[in-house]
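Peer 1: Sequence:
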Amino acid sequence: MEYGMLVPLVPLTLIAVLVWYAAITFWFADTEPAPRYDPVATLRAITDAWRFDPPEPRDWYGVRGDHRRRSDVQMARIVSRYGFDDQDLGPTLGLRAQLVGGEVVTVPSVVTSRSERATPGSLIPIGVRSTSDGDEWSVVEDVKPAHVRRLILSHRLAEGLIDDSAHAVASTGRHETVAVRQLTPTGRMRAGHIEVTIHFDASHGRRQMTGFLRPHEVAAVRLGGTASGYVDDEGRWALGPTWY
Numbered sequence: 001m002e003y004g005m006l007v008p009l010v011p012l013t014l015i016a017v018l019v020w021y022a023a024i025t026f027w028f029a030d031t032e033p034a035p036r037y038d039p040v041a042t043l044r045a046i047t048d049a050w051r052f053d054p055p056e057p058r059d060w061y062g063v064r065g066d067h068r069r070r071s072d073v074q075m076a077r078i079v080s081r082y083g084f085d086d087q088d089l090g091p092t093l094g095l096r097a098q099l100v101g102g103e104v105v106t107v108p109s110v111v112t113s114r115s116e117r118a119t120p121g122s123l124i125p126i127g128v129r130s131t132s133d134g135d136e137w138s139v140v141e142d143v144k145p146a147h148v149r150r151l152i153l154s155h156r157l158a159e160g161l162i163d164d165s166a167h168a169v170a171s172t173g174r175h176e177t178v179a180v181r182q183l184t185p186t187g188r189m190r191a192g193h194i195e196v197t198i199h200f201d202a203s204h205g206r207r208q209m210t211g212f213l214r215p216h217e218v219a220a221v222r223l224g225g226t227a228s229g230y231v232d233d234e235g236r237w238a239l240g241p242t243w244y
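Quick note: the sequence shown uses my numbering, first residue 1, plus one each step.
Hint data in this document are derived by calculation from the structure and do not stem from the laboratory.
Built from N, CA and C at the ideal position, the CB exists for glycine as well.
Treat the hints with care, since some could be wrong.
Straight-line C-alpha distance at most 25 Å; calculated SDA-like pairs for lysine to any residue [what the hints assert, rightly or not]:
hint : residue 1 : residue 2
1    : Lys144    : Ser171
2    : Lys144    : Val40
3    : Lys144    : His167
4    : Lys144    : Gly62
5    : Lys144    : Val128
6    : Lys144    : Asp72
7    : Lys144    : Ser130
8    : Lys144    : Glu116
9    : Lys144    : Ala45
10   : Lys144    : Ser109
11   : Lys144    : Ser203
12   : Lys144    : Thr106
13   : Lys144    : Gly121
14   : Lys144    : Glu176
15   : Lys144    : Glu159
16   : Lys144    : Ser113
17   : Lys144    : Arg51
18   : Lys144    : Arg206
19   : Lys144    : Ala158
20   : Lys144    : Arg129
21   : Lys144    : Gly173
22   : Lys144    : Pro185
23   : Lys144    : Val73
If you anchor each label on the Cβ, the simulated ranges turn out as follows [what the hints assert, rightly or not]:
hint : residue 1 : residue 2 : range
24   : Ala219    : Gly160    : 18 to 28 Å
25   : Asp164    : Ala41     : 33 to 43 Å
26   : Pro108    : Glu234    : 43 to 53 Å
27   : Leu223    : Gly160    : 23 to 33 Å
28   : Gly102    : Gly62     : 38 to 48 Å
29   : Gly187    : Ala146    : 13 to 23 Å
30   : Arg181    : Tyr82     : 41 to 51 Å
31   : Tyr82     : Asp201    : 43 to 53 Å
32   : Gly121    : Thr184    : 20 to 30 Å
33   : Pro108    : His204    : 48 to 58 Å
34   : Arg181    : His216    : 20 to 30 Å
35   : Leu183    : Gly134    : 13 to 23 Å
Assemble the whole structure, with the sequences as input and the hints as a guide.
Peer 2: So this is what it looks like as structure tokens:
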């Protein structure tokens, strides 16, 4: 290529570089920085939630649905999640969730304003609904708190995370948040949970309860110094289920 032919390309190259620089500058100026992850605040939020009975899924997950009739509701454990844009709903979340027994199902088109809570390992109530394209799994958003508690306990019983005695105490007992004096892992693991023994002070002296927690919940107990438990009229204690 001759020198005379290169001369017109110089200003064009400079213009292209300036346009590229301006575009990058405006993009960064218009983009909000990613929120900083605060592990302490996250773990404290977990223990704060244990002070109350589980809320309705629509409140906890910010789920909104179409209220179409569904089959029997059951708890499933989230395995993975993916995002996509729905033509009618906008930014939407899809879930893959594992039922008791190991079957993994897809839960499409989950519209949620609290997607940070729909994380792998969390429980979510789902059911089958009928659509024009056939049956599909969907989140059941209008489950009452008392029903949510029963569903969670039944799911934990089926997974072997609580026994019949603990199930009975947690089903009928009084919800309490206890101050933890000592937490000791037993060495047993099941379904991604760690079995621990928690020692705490109760009205009738030092007590203990043993149960399964997820690893990040063990960290939350160690950091926050509190745990969720249930006590019945006979003074029997059970380590409370960790909501969702």
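Peer 1: Tell me, in ascending order, the numbers of any earlier hints that this structure violates.
Peer 2: 2, 11, 18, 22, 28, 29 and 35
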